[in-house]
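Enquirer: The residues making up each chain are set out below.
4 protein chains.
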Amino acid sequence: MTSSEEGELGKLVLAMRELFQLGLINPRGGNGSVLLDERHIAITPSGVAKQWLKVEDLVIYDMETGEFRGRFKPSIEVNAHVLTYKKVKEARAVLHAHPPLVLALTDRFTKSKSRRRWWETGLVEVEYSVGRAEIAEPFQPGSVELAEEVSSKLASGARIVIVPKHGVFAWGRTVEEAMDAVVALELVAKYVLARLVSVK
Amino acid sequence: MTSSEEGELGKLVLAMRELFQLGLINPRGGNGSVLLDERHIAITPSGVAKQWLKVEDLVIYDMETGEFRGRFKPSIEVNAHVLTYKKVKEARAVLHAHPPLVLALTDRFTKSKSRRRWWETGLVEVEYSVGRAEIAEPFQPGSVELAEEVSSKLASGARIVIVPKHGVFAWGRTVEEAMDAVVALELVAKYVLARLVSVK
Amino acid sequence: MTSSEEGELGKLVLAMRELFQLGLINPRGGNGSVLLDERHIAITPSGVAKQWLKVEDLVIYDMETGEFRGRFKPSIEVNAHVLTYKKVKEARAVLHAHPPLVLALTDRFTKSKSRRRWWETGLVEVEYSVGRAEIAEPFQPGSVELAEEVSSKLASGARIVIVPKHGVFAWGRTVEEAMDAVVALELVAKYVLARLVSVK
Amino acid sequence: MTSSEEGELGKLVLAMRELFQLGLINPRGGNGSVLLDERHIAITPSGVAKQWLKVEDLVIYDMETGEFRGRFKPSIEVNAHVLTYKKVKEARAVLHAHPPLVLALTDRFTKSKSRRRWWETGLVEVEYSVGRAEIAEPFQPGSVELAEEVSSKLASGARIVIVPKHGVFAWGRTVEEAMDAVVALELVAKYVLARLVSVK
Chain W
3 MTSSEEGELG
13 KLVLAMRELF
23 QLGLINPRGG
33 NGSVLLDERH
43 IAITPSGVAK
53 QWLKVEDLVI
63 YDMETGEFRG
73 RFKPSIEVNA
83 HVLTYKKVKE
93 ARAVLHAHPP
103 LVLALTDRFT
113 KSKSRRRWWE
123 TGLVEVEYSV
133 GRAEIAEPFQ
143 PGSVELAEEV
153 SSKLASGARI
163 VIVPKHGVFA
173 WGRTVEEAMD
183 AVVALELVAK
193 YVLARLVSVK
Chain R
3 MTSSEEGELG
13 KLVLAMRELF
23 QLGLINPRGG
33 NGSVLLDERH
43 IAITPSGVAK
53 QWLKVEDLVI
63 YDMETGEFRG
73 RFKPSIEVNA
83 HVLTYKKVKE
93 ARAVLHAHPP
103 LVLALTDRFT
113 KSKSRRRWWE
123 TGLVEVEYSV
133 GRAEIAEPFQ
143 PGSVELAEEV
153 SSKLASGARI
163 VIVPKHGVFA
173 WGRTVEEAMD
183 AVVALELVAK
193 YVLARLVSVK
Chain X
3 MTSSEEGELG
13 KLVLAMRELF
23 QLGLINPRGG
33 NGSVLLDERH
43 IAITPSGVAK
53 QWLKVEDLVI
63 YDMETGEFRG
73 RFKPSIEVNA
83 HVLTYKKVKE
93 ARAVLHAHPP
103 LVLALTDRFT
113 KSKSRRRWWE
123 TGLVEVEYSV
133 GRAEIAEPFQ
143 PGSVELAEEV
153 SSKLASGARI
163 VIVPKHGVFA
173 WGRTVEEAMD
183 AVVALELVAK
193 YVLARLVSVK
Chain L
3 MTSSEEGELG
13 KLVLAMRELF
23 QLGLINPRGG
33 NGSVLLDERH
43 IAITPSGVAK
53 QWLKVEDLVI
63 YDMETGEFRG
73 RFKPSIEVNA
83 HVLTYKKVKE
93 ARAVLHAHPP
103 LVLALTDRFT
113 KSKSRRRWWE
123 TGLVEVEYSV
133 GRAEIAEPFQ
143 PGSVELAEEV
153 SSKLASGARI
163 VIVPKHGVFA
173 WGRTVEEAMD
183 AVVALELVAK
193 YVLARLVSVK
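Residue numbers (the numbering used here), protein chains in the order written: chain W, 3 to 202; chain R, 3 to 202; chain X, 3 to 202; chain L, 3 to 202.
Hints may be right or wrong, so weigh each one.
When chains are identical, the list treats them as one kind, so a pair holds in a single copy or across two.
[Stated by the list, open to error] Derived EDC-like pairs (lysine to aspartate or glutamate); straight-line CA-CA distance at most 20 Å:
| no. | residue 1 | residue 2 |
| --- | --- | --- |
| 1 | 56 | 10 |
| 2 | 13 | 59 |
| 3 | 202 | 109 |
| 4 | 13 | 58 |
| 5 | 88 | 150 |
| 6 | 192 | 109 |
Honestly, the hints are just simulated from the structure, not real lab data.
Owing to the predicted nature of the structure, the values given are computational and were not obtained by experimental measurement.
Next comes chain W alone, as it looks inside the complex (with noise of 0.2 Å):
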């Protein structure tokens, strides 16, 4: 392993505590991964909380064989993480989070022609490091249905995929840059809802 990969490994478990801290995930939600090479990615694993994870817990993943290394079984989510490696060829790192207000909005304004795409605000972040976001159809967590919708959104040109009552799922070509689309998107929200609520 190169010192560069662990570089992205490091920032991948620092990524993780961070979304755990800003409230974007709870200790055994979310989930995450870096590609180390055409055929591996490192991915975090399953049921272990993402606050205390370290980089020797992450779980070392061949996208040909699905066999794995490590202490731990990898996340659920692998599918989601392979299909958007091998579909978005610029992609290199993979987030999972749970934002509470991203999905509570995605929820509120489903059927609001007007507020659907309630991000799309003219907030200079959301030009800046959401980019492109979409909703998608809600399958089964793990399943291979999600994985397809997810990567299929996410090769479409989206940056974040938001998957109502589930979470969101944003790639980038460091962890940084998936890190930044989540953490905007649900800043994004706090400012929605700020401008909305009811006030005398």
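We have chain W; now place chains R, X and L onto it with these hints.
Expert: Just chains R, X and L now, with coordinates in the frame of chain W:
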């Protein structure tokens, strides 16, 4: 003390600090414990700031005699912890926190049939992390009645019990499993509030 | 300086950083002190970022002569601290913070008889951690009048005093007891707001 | 580089991390700078996660020639920083953040005469920490027009300028003075929202 037990004690101390940082306990609110062997638990001390706790501040408590060792007294909720370990055979960790949004929603919807179980939202973490939640009778903090009520509800299949105007108790096979349920439930409450709040 | 005093000074510095991290003070807002002996206190300096404070930045202040030692000037609220130590015999720590939700609710319900004491919710931490709270007349920050008003209310049995549009002052036998009241009161405010906000 | 300059650089890096932790910037949003001498500033790099920044990642920028040294390019807002140092003689630090509640309130009350200056609440930190605030014309991020607009408003006596749908720029004689204004303004926004939100 084996090194694996020491690991769980370290995680208990970390979990208490994180509950404070996430705004789920005030410094002297909340408590937590870990099962050491069939007869002993390590429990957080009474009246000590939880964000500054060290492993050596934990109280070793004998569940048969009620005797304890350490610089401090055990948490006043020690009975709820002990009865939970006695009734829930798989339990190896118990956490108690005061999540403000969980308590607010429980109070709001206490008389509303359709919203009383406000966490039943279909959010993925309700199934994966919260598990079954129940509302307990709000007996006096530290009382045997509260300990009986909470432990019975946990023994009947709940992962987490909400005591109105007081807080939540969750059990886990590890500290992180209990922590996961507590943190996830407050994130669900944040989602529910943002989903329901009146907007213009 | 004994090592136990040094311990309380370390906790004072930690408490200020935590108040910042929890959003209860802006960097140069808030202040805190610890009683060193019958005549001296250590108090946070004026105009210094509280999240970056070190023990050596604390100002040693002589309560009889008003002389002080240290690299900085004492907090402009030094009089409120001094008078509190003089009037509350058990006080060994005083904290002042600017909790935004506490101030908002106090302003909202100032004319509402039934909600003026908005913290009287029956929440467990109100009895155990907040203790008695009182609302003070909002005299000028740093004035002798404010110092008299706050210290008198604390001496009359209050653990914490709310100064409208300004902040709260709390005393404790330890830093953690004062910290507990400040943090608990803002958590109660968060609960009250979530309990009352209009929903659809 | 003198050790006092190094101190301010260290504080700049810390401030960026804290802005991230407080939810006032997304990882690649926001920027900050420190004046090194009459001609040079150290500024945060473009497109780098601000919570992971190290002092050696800062870009040394020559305000006369526009040349720079470092591993990265300077922030796209470098012009706003440079013009602020040129026009505000006392400025030795400039910070730019994206506080979501500040932006939401500014948008909400843009047409309301009585609430347009929503921060004028009488809160103590408005006088002591925010100082004078102004709303700028929302020119394109990174444009010379925005740099002119922001620096002119800061030079006319404002401590902090709000750019609608974008963020805030604040100057200080130290990093902590600029940081104080940014953090205080978002806390004021939190107070205002809690003061106004409809309740039952």
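Enquirer: Does each hint fit the structure? Answer for all of them.
Expert: Going through the hints against the structure:
| no. | hint | result |
| --- | --- | --- |
| 1 | 56 x 10 | both (13 Å within a copy, 16 Å between copies) |
| 2 | 13 x 59 | both (14 Å within a copy, 16 Å between copies) |
| 3 | 202 x 109 | between (25 Å within a copy, 14 Å between copies) |
| 4 | 13 x 58 | both (13 Å within a copy, 18 Å between copies) |
| 5 | 88 x 150 | within (11 Å within a copy, 46 Å between copies) |
| 6 | 192 x 109 | both (15 Å within a copy, 14 Å between copies) |
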